[in-house]
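A.B. asks: These are the residues of each chain, in order.
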Amino acid sequence: MKKRKMFRGLANVITVVLTAAMLFPILWIMLNSFKPGPEIFAQPITLLPEHFTLEAYTKYLVSNHVFRGYLNSFLVAMGALATGLGLGVASAYGLARYAMRRNRLIMLLFLITQMLPASLMLTPMYLIYSRLGILNTYIAPVLSVATVSIPFVVVTTRPFFLNLPRDLDDAARIDGCNAFTSFLRIMLPIAKPGVITAGALSFIFGWNDLVYNMTFNTKPELRPLTSIMYNLMPKEGVKWNGVMALATVSILPIIVLFLILQDFIVGGLAAGAVKE
Amino acid sequence: MLFVLPGLLYMLLLIGYPVIYNLVISLQDVNVMTIRNKEAVFVGLQNYRYLFKEDMIWQVMKQTFTFTFWCIVFQLSLGLLLAVFFNQKFRMAKPARGLLLVIWVVPMTVVALIFKFMFQTDGGLINTVLMNLHLISQPIQWLVDAKMAMISLIITNCWVGIPFNMILLSAGLNGISPEIYESASIDGANGFVKFFRITLPLLRPAIMSVLIMGVIYTFKVFDLVYVMTSGGPNNATELLSTYSYRLSFTEYQFSRGAAAANVLLLCLVVLAFLYVKMMRKDEVM
Numbered sequence: 001m002k003k004r005k006m007f008r009g010l011a012n013v014i015t016v017v018l019t020a021a022m023l024f025p026i027l028w029i030m031l032n033s034f035k036p037g038p039e040i041f042a043q044p045i046t047l048l049p050e051h052f053t054l055e056a057y058t059k060y061l062v063s064n065h066v067f068r069g070y071l072n073s074f075l076v077a078m079g080a081l082a083t084g085l086g087l088g089v090a091s092a093y094g095l096a097r098y099a100m101r102r103n104r105l106i107m108l109l110f111l112i113t114q115m116l117p118a119s120l121m122l123t124p125m126y127l128i129y130s131r132l133g134i135l136n137t138y139i140a141p142v143l144s145v146a147t148v149s150i151p152f153v154v155v156t157t158r159p160f161f162l163n164l165p166r167d168l169d170d171a172a173r174i175d176g177c178n179a180f181t182s183f184l185r186i187m188l189p190i191a192k193p194g195v196i197t198a199g200a201l202s203f204i205f206g207w208n209d210l211v212y213n214m215t216f217n218t219k220p221e222l223r224p225l226t227s228i229m230y231n232l233m234p235k236e237g238v239k240w241n242g243v244m245a246l247a248t249v250s251i252l253p254i255i256v257l258f259l260i261l262q263d264f265i266v267g268g269l270a271a272g273a274v275k276e
Numbered sequence: 001m002l003f004v005l006p007g008l009l010y011m012l013l014l015i016g017y018p019v020i021y022n023l024v025i026s027l028q029d030v031n032v033m034t035i036r037n038k039e040a041v042f043v044g045l046q047n048y049r050y051l052f053k054e055d056m057i058w059q060v061m062k063q064t065f066t067f068t069f070w071c072i073v074f075q076l077s078l079g080l081l082l083a084v085f086f087n088q089k090f091r092m093a094k095p096a097r098g099l100l101l102v103i104w105v106v107p108m109t110v111v112a113l114i115f116k117f118m119f120q121t122d123g124g125l126i127n128t129v130l131m132n133l134h135l136i137s138q139p140i141q142w143l144v145d146a147k148m149a150m151i152s153l154i155i156t157n158c159w160v161g162i163p164f165n166m167i168l169l170s171a172g173l174n175g176i177s178p179e180i181y182e183s184a185s186i187d188g189a190n191g192f193v194k195f196f197r198i199t200l201p202l203l204r205p206a207i208m209s210v211l212i213m214g215v216i217y218t219f220k221v222f223d224l225v226y227v228m229t230s231g232g233p234n235n236a237t238e239l240l241s242t243y244s245y246r247l248s249f250t251e252y253q254f255s256r257g258a259a260a261a262n263v264l265l266l267c268l269v270v271l272a273f274l275y276v277k278m279m280r281k282d283e284v285m
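If you read the sequences in order, they're chains H and D. According to my numbering, the residues represented by the first sequence are 1 to 276, in order. According to my numbering, the residues represented by the second sequence are 1 to 285, in order.
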C-alpha cells in the first residue's frame with residue numbers, strides 16, 4: 001500500500017515537471033515578446049524580461065495590420081467552420097442513419113481525401129481558381145480549407161449518430177417531422193457534443209492555415225495572422241520580438257478556445273480514432 | 001443519400017477533380033510563360049524525365065523518408081510511453097493529458113517560429129542550456145549545418161506529434177478491460193510482463209492505425225519545414241512537399257511542380273498498399 005502511495009506521489013511530480021517542460025516553448029516566446037530587442041539574445045539569458053516593454057506590440061502589430069489580420073483569420077476560420085459543419089454533419093448523419101451498400105466506400109473516400117497532401121492540391125487548385133477568377137478573395141482559402149474540415153467533421157460526428165437510438169428518429173417521423181426536420185430538431189441537438197468538437201477543430205484548421213492563404217492570396221490586406229507572421233520572417237534579420245508578439249496574439253484565442261472545450265476535443269479525437 | 005450527397009459532391013469537385021487535373025498538368029507544359037494560353041501543350045512524360053534526370057529528386061525523396069521514419073519512431077514510442085504512464089491512476093494524469101494537447105492546436109507556423117528561435121546558434125535557448133550544463137563546449141549549428149537542420153526539424157515535429165499520438169493511444173488503452181490486468185496480477189505477472197504480454201498485443205490494432213496515420217501525416221508536412229528552414233541549408237531539408245511547392249510557386253514551373261507532387265502521391269499510395277497488405281497478412285495469421 002505504501003509503495004502505491006509513493007508511486008503516485010512520484011508520478012504526480014514527474015507529470016508536473018514534464019508537462020511544464022513540454023509547454024515551456026510556448027511560454028518562452030510569450031516571455032520574449034515583452035523583452036526589448038537587444039535583451040532577447042543577450043548573455044546571460046534572462047528568463048523573465050529584465051526591462052519589461054510593450055514595444056514589440058505597439059511598434060510591429062499596428063504597422064503590420066494585425067487587426068486586419070485578425071479579421072482575415074477569423075473570416076477564413078468561420079468559412080471553414082460553416083462549410084465543414086454544414087456539409088460534414090449532414091453527410092455523417094446520412095452515413096450513420098441510412099444503411100446503404102455504398103456506405104463503406106463513401107466513408108473510405110472521405111478518409112482518403114483527408115489524407116491527401118495539401119501540396120498535391122496546390123498547383124491544380126491555383127490554376128483552377130485563377131481561371132475562375134477567385135484568387136485574392138476569401139473564397140479561395142475557405143474552399144480549400146473546407147476540403148480538410150469536411151472529412152474531419154464526418155469522422156468525428158458519425159460515431160455520435162451511430163449511437164443514437166433509431167426509435168427516436170422514427171418517433172419524430174410519426175409526430176409529423178420529415179427526414180429533414182427530424183434531423184434538424186431531434187438528432188442534431190442530441191449530437192451536440194460531437195458537433196461542438198468538430199466545429200471547434202474546423203475553426204482551428206482555418207485559423208492555423210498558412211499554405212492555402214499564402215498561395216492563393218498574395219494581397220497584403222487579405223493576409224491572415226499566419227501569413228503576416230511568415231512575411232515578417234525573412235531569411236536574414238528576423239524582427240524576433242515583433243514576430244513573437246504576433247505569435248502570442250494569434251495563438252491566445254485558440255488556446256482559450258481549446259481550454260474551454262478541452263474535454264470535448266480530447267474525447268472527440270479519441271472517438272474518431274478508435275472508430276475507424 | 002440526400003444528406004450525404006452535398007458533402008460528397010463537394011469533395012469530388014474540390015479534391016477529385018484537382019487530383020486528376022494535377023495529373024493532366026504534369027503531362028503538359030504549363031509555366032509562367034504559357035499559363036495565359038488557352039490550350040496547354042501536351043508533352044508526355046517530359047516533366048518526369050526532367051525531374052529524374054536531376055539528382056535532386058532522389059535526394060529529396062531520401063530526405064522525406066528519413067524525416068518520416070525518425071519522426072514516427074520517436075513520436076510513436078514516446079507517445080506510447082506517455083499514454084501508458086498517464087493511464088495509471090494518479091491525480092495529475094488527466095489534466096496533464098489534456099494540457100499537452102494544447103501543443104497540437106498551435107499553428108505549425110508558430111511552432112516553426114518557436115523552434116527556429118530556440119535553435120539559434122548564438123544566444124538560442126537550447127545551445128545556452130547545453131553550454132551551461134557543460135554538455136557541449138561549442139555552440140551547435142542547429143539550423144546552419146545540413147545534418148543538424150534535419151535533426152532540428154525531426155525534434156520539432158516530434159514535439160507536436162508526441163501529444164497527439166499519446167491521446168490516440170490513450171483511447172486505445174481505455175478499451176482494454178482492467179480485469180485482464182487484475183487476473184494477470186493474481187497470476188503473479190509484474191508490470192514489465194503485463195506491458196509486453198497484455199498491453200502491446202491488445203493495443204496492436206490501435207498502434208497500427210496510429211502508425212499509418214502518422215506516416216501519412218508526416219510524409220506531407222509542409223508548413224513546418226517551409227517556415228523553419230525553407231528547405232535549406234543547401235536543400236538539406238527539402239522534402240517532396242516543399243520541393244513541389246518551390247517548383248510551382250517560386251520557379252513558376254507549374255507542370256514540374258505537379259509532377260513532383262505526383263511523385264509524392266505515388267509514394268503515399270505505395271505506403272498505403274504495403275499497409276493494406278500487412279493488415280491482410282495479419283488477419284490470415
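These aren't lab readings, by the way, just hints derived from the structure by calculation. Treat the numbers as computed from the prediction; the structure is a model and nothing was measured. Any given hint might turn out to be false.
Unchecked claim - With a straight-line cut-off of 25 angstroms between C-alpha atoms, the simulated DSS-like cross-links for lysine-lysine are:
no.	chain 1	residue 1	chain 2	residue 2
1	D	Lys147	H	Lys192
2	H	Lys5	D	Lys147
3	D	Lys194	H	Lys2
4	D	Lys89	H	Lys2
5	H	Lys192	H	Lys59
6	H	Lys3	D	Lys94
7	D	Lys94	H	Lys235
8	D	Lys94	H	Lys5
9	D	Lys147	H	Lys219
10	D	Lys194	H	Lys3
A.B. asks: A separate judgement is required for each hint: does it hold in the structure or not?
C.D. replies: Quick rundown of the hints versus the structure:
{"no.": "1", "hint": "D:Lys147 to H:Lys192", "in the structure": "48 angstroms, violated"}
{"no.": "2", "hint": "H:Lys5 to D:Lys147", "in the structure": "45 angstroms, violated"}
{"no.": "3", "hint": "D:Lys194 to H:Lys2", "in the structure": "21 angstroms, holds"}
{"no.": "4", "hint": "D:Lys89 to H:Lys2", "in the structure": "15 angstroms, holds"}
{"no.": "5", "hint": "H:Lys192 to H:Lys59", "in the structure": "43 angstroms, violated"}
{"no.": "6", "hint": "H:Lys3 to D:Lys94", "in the structure": "22 angstroms, holds"}
{"no.": "7", "hint": "D:Lys94 to H:Lys235", "in the structure": "41 angstroms, violated"}
{"no.": "8", "hint": "D:Lys94 to H:Lys5", "in the structure": "18 angstroms, holds"}
{"no.": "9", "hint": "D:Lys147 to H:Lys219", "in the structure": "36 angstroms, violated"}
{"no.": "10", "hint": "D:Lys194 to H:Lys3", "in the structure": "18 angstroms, holds"}
Hint check: violations occur at hints 1, 2, 5, 7, 9; the rest are consistent with the structure.
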